[in-house]
Each structure stands twice: as structure tokens, then as C-alpha cells.
Amino acid sequence: MDDADDFDFSDPDLDDLPANTLQQLEYTAILSTQRQAAGNVRAADSDYGADDGDDDDGGDEVINLDEEAARPQASPWVAVAPQHPQRPPQPQYQQGQPPRQYPAEQYGGYPDAMDVEEPPRRSQVDAHQLLLRIKKLEQDKVRLNRDLQSEKSKALSKAGEADTVRRRFEAAQRENDRRMQALQQAHSDQLAKTKTELEKSRLEREQAQTNNKFLEHDLAQEADKAKRMRRTQVATRPKPPASPAGTPRRQKGALPFRDGFDDEDIVMMSPTKNRDKPKASTPKQAGKRKRQVVDQSPIPALQLSEPRERPKTHEPQASTEPQLDPSLLDRLRKEDYRFELLHRVVEQRSSNGNDRVLEALTQYALPSAPEKKLSSLVYDELSGTSLEHNAHELALQICNIFLSLWEKCLHEQYYTPLYLFLDALHFVLACEPSSTAISIAECAVPLILATIDLVSIPIASAASNTQAATQLHSPAQREIAQNVDVSDCLELLYAIASSSITSSEALARFWGSIPFDFALVLLHRAQPLSHIMLMLQILSTSALPTTLGAIVSGSLASDQQSKRENDLIDRLSLLLFEVPEVIPDPKTNKTNPTSPYSPQQIWELRNKVLALLTSFSISEEGSSRLVNNRHCIGRLIKHLDFSVSTLYNSPLFPTQGLTIASINATMRLVYHLVTSHPDVDIKSKFGVIHGGNHKYLVALTRLAFSEGLVMEAGIEADVSDAAHAILDAALSPEEGEGLLQVFSTGASA
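Per full-length UniProt numbering, the very first residue in the sequence shown carries number 1; after that it's consecutive.
It is worth saying that the hints were derived from the structure and are not from the lab. Heads up, none of these hints are tricks.
Here are the computed distance ranges between Cβ atoms for each label pair:
hint, residue 1, residue 2, range
1, Lys227, Leu382, 54 to 62 Å
2, Leu382, Glu479, 26 to 34 Å
3, Asp380, Gln471, 35 to 43 Å
4, Gly657, Asp570, 22 to 30 Å
5, Gln560, Arg179, 41 to 49 Å
6, Asp679, Asn400, 46 to 54 Å
7, Gln348, Arg168, 48 to 56 Å
8, Gln471, Asn354, 31 to 39 Å
9, Lys563, Lys372, 46 to 54 Å
Glycine included, C-beta positions come from ideal geometry on N, C-alpha and C.
Input sequences plus hints: build the corresponding full structure.
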């Protein structure tokens, strides 16, 4: 066959083929090409490397992400749709040769099936919906992550809080166990001490009883011995000779009648009487002779045991001795007491317990006169004291002597012997009436204040200034604080103040000599607790009818007085919350103050403050000053709420008794202030503290519904009634019913 026959398609065998055989072969070839391209793309995009083979195991299947999208219908002669439908490649023709034309009948009635490009098929996934869904899923993921982080933070916070509460509970439990052990140990020690004292007392009592029995026995023996000696003396004593002047005794003989009467009296009346009775013989002594015998013997007559003639008894005459003048007796008594006072002063021992006051003064001398001891100065002053005055004037002179020495020591900054002057003044004022203390107040008060300022002012300054804190712990200031006993000075000041209560003029003079800032400095929380307590005692004497605390004098006295009184009330009300603390030394790297006081001491301080405020509220002026103060009522309510909450936060704590006493005192004071001034809007006073209205309602409602059981034991009935009365006057019926439902349910539960 030639070359022309090779390209001749007129072979009759082709007529037997189906009409669409060529179209199917071309489409199959195109499809195989597309599968190979898609396989290469998948091998390049796969994260797991190329496929192992071209098996028909579904590797060419498309995963439909949009399940709601409809899958398009496949061609009736195509079994598997291509992954990426593309236009089948056109057959290449030589240049200048027209493309081959196929009749429409050969392609199964699909005209232009090979000439027209196949349109791109619609994607199986809607991109817009897919993006929206992806965005929504991302938002949900962010929200879930955020919620997860929030829950994790809350869980960590709760875990931290639980751990903190657990640690605090364990610490409180340990502290409680320690205190219980300490209390039990103290109780055991006290019990053992009491038993020892009782046993000692019993032994002493038995010993005393035994000694008494021995003494009684010895006394009985001595009494018996004395009786025997007297009997022996009486038995061995020679009988005195019969006195010639003695009356002869009648001889007792047998009376014949035996009728109890003398027979001589009835001789004349009884003829049967025996007349033969011998008569009594006449005494033959010389003193009874009828005629006196003249004694001519040269020997003197013997002295008889009794005089011949007894002197006649004279009638007692009126006493002619001069009577003592009562004024002289009074003078003698005064002199005796004066010498007794001197004796007591000489015998008085100092506070160190080793030496007497005057003996201890021999160890000190003023820096300006070191050759002369302080005791010599006292003796010189006492030797010049006149004894013509009464005992009270002598006591006043003794006080002035020690005050003058005190002033000299302050002037020369010599503070070591100050405690001896305080001991002497305390002793003299304790032995004397209050008039002596009032007399020395003018000289003593300035010295006391100047001495206290040496210690109190540096402490108050160090509380707010680090440099002052450094100076507070300097060696010089430590030496001053060691030599100056502030508590002893405050006790002497309190003795003078309490003595001045007997006279309103003297009390006004006393508080007129006190600076207005003296009390504020000593009431600072940095001061020692004992100094604060003593200052509160001194302030308890300042509640005058028209003033409180120190009295200001001058042209602007009224305005300054009210301002100073408000400052004093503010300072006192702050002590209801502040805790006294000790300022540490900055050199020890401890700059935070610490409180070395126990909860019992803190509650005692607060109760002392409440007692002082209550004494201020007795007078009309003091009550008005407390009500009109900006912070007093609000702080009282805050303290009341804190005290009531403490009963439930720390049930049956050792300070429960003090807490109950504080609640009763605070409620009584608030009720007194509210009822005494009905025109004052009490609710406006609560806004100055945080949550004042809430604390007011909670505290008073708890007291009003208190049943006095277990944790509330000790709250008095009148306190609950006072809380009821205040709530009834301040609340509306709806508010009262709401509180009743809340607290009555809690109480019943």
C-alpha cells in the first residue's frame, strides 16, 4: 500500500463505530490530561508528600465544605467530573490549514460541541457564606478563649482567696491555740499559786492555833504558880499582934435557946433564961483604962501597929486645879501632827525601793554647784522653816522646797533626780487634804507640762517626719526618756486636777493653765498606751458646764474655744478606730510602725474614750458640741457597726465582754444625743463616712432584733429598745417591714 492509503479514512470498517465514539475518545484524553495535572497539583499541595499510586480509591474526590450547596448533574457520558473544569485543548493545525469540521450528527446531536469552549463550572462552595461562617467561628473562638481566660482568672482568684482564708484561719487557729495554752498555763499557775497560798494560810492558822494553845497552857501554869505562891505567902506570913485598941470579939458559945436571936436581948423578957452566962471580960490594955497612967520611963514608948486615934474622914472638896484651855490642846495636837509629818517625810522611801528620799538626794548635785548635794539644800530649807505655823502650812512649804529644786534641774537640763521630787510630792499630797494640791497648782502645773513635753513632743513629731524619727532614737533623747517618767508626771497632774474638782474656781484656773494642744499631742496614736489612758483620766475632770478641755483666754476666746473643742472631739473619736503603735528606729530598716498591744488593751482604750465622751454629753453645752461636730455621730455609728460585726466574725473571743460593753455604751450615747436634739438631722451626719447609712441601718437593726443568746449575750434590753425607738422614728413603714422580713427570717433560722 502506498502513502496515500495510510491517510485514507474511507475504510468501510469505520462506518460500524457509534456516532459519538470519536467525541468520547477525545473527552477521555482531555480528562486524563486534567487528572494528571490535578494529581501534580495535589502532590505539590499535600502536607504529607506525593500519593503512592494512581488507584481509583477516591483520591480525586472533592470534599464539599458547604453541605447545603447542590452538586451539579454530570454529563450523561462522563462517569467522573473533573476537579477543575478547563476548556479542552484545541487540536493543533498546520499554518494555513483550516480546522477540521465535523458534522453535527457524528456528535450525537450536540452542535458545536468541539468548537465552543466549555463554560467554567460553578464552584461547589459559596465563598461569601464560607467567609461569614469562618468569621463567625473565629468570633466564637475569641469569645470562648476570652471566657476561658476569665474563668481561669476567677478560678485562680478563688484559689488565692481560699488559700489566703485558709492561711489566715490556720494562723488564727494557731494564735488561738497559743493563747488558750497561755491562758491554761496562767490558770494552772494561778491555781497552783492559790493552792500554795491556801496551804500556807492553813499552816499559819494551825501554827497560830498551836501557839495559842501553848500560850494558854503557859498562862494557866503561871496563874496556878502565882496562886500557889500567894497561898504560901499567906500561910507563912506572921500574924500581926492584937491591937489594944481593937474591939473585943464576942465569944461564941452554945446558945441555950437556939432560936437565932441573942439571948442577952431577951433576958428581961424571958424569966426562964439561964442567968449563969459569963459576961465578957473587960479589956486590960492600957488604952482602955479609965485613968491615964503617967509614963515616967526614960525609954520611949513602943509604936503600935495602928494609931491610937484614927483621923476623921474629911468630905471631898471641889477640885481647885486649873482647867486646860481647849485652844492649847488643839495647838498641842497640831504640833504633834506637824512633827509626825516631818517624821513621815524623813522615813519615806523612793520609788526604786532601796533608799529613802532624803538619803537618795545625797547622790545628786546640781551641775552649777557640784560641791553641795541636793539633800543639803533640802535640809537648809527645812532648818529655816518656822514651826509656829500649822501642819498644812508646813506641808505646803515642803512641797515648795521640792518644786524649787525641780525648777532648777529643768533650767540646768539635769533630769536624773526628778523621780525623787515626784516621790516626795506624791507622798505629801497623799497625806494632805485637797487644799494643799490646789495651793501648789500654780507652781507645779507649768513644771509638769514642761517635763512631759521633753518626751511627748519628739514622739508626735517622729510620727510624720523621718528625720524626727531618727532624732527620737538618738542617744541624747533616749537618755531623756529614761530619766523622765511621763506616767509619774501625768499621775501628779491628775492628782492636782482631781483635787481641784472640790472648787469650780480652782478647776477653771487649772484648765486655764493647760495649753490647748497639750491633750492633742498626748492623744496621738504614736504615744504609749499608758500615757493616752492617763490623759483620758485627766480630761474626765474638764467637763465644765460651759467648756470642754483646756480653756482659752483672750479677745477671741469664744471662737477659739469652740474650734479647740471640736479638734478635741475629732481626736477622741479617731481613737475609736486607730491602734496605738510604736515608731521603730529607721536605722534598723524598719520604717513601718508596729502595735505591741493586745486586743484587750485596745478595747479597754475604746471603752475609756466612750466613757469620756459620755461624761462630755452630760451637760447641755457638751451634748450640743458632740451633736454639731461633723464626724462624731458618724464615727460612733461606724464603731457600733464594727463592734456588732466583731461578735459574729470572732465569736466567743476573749474580748467579747469588752466588745459587749462597748456596744452598750455606744448605743446609749447615740440614743442620748439623738433624743436630746430632735431638731438636728442625724442622717446628714452619716454621709461623712463611707457607707454610713448602710452601717447605721445594719447595726441598729441587729441590735433591735438581738435576742441576747450566745454571741449576743450581754446586750442589755434597754439598748435593744433604744435601737427600736431610733429606727421607728427614722424609717418609713415600707423600710421597716423590709428590715423586719430580713432580720426576723435570719433570727428564726
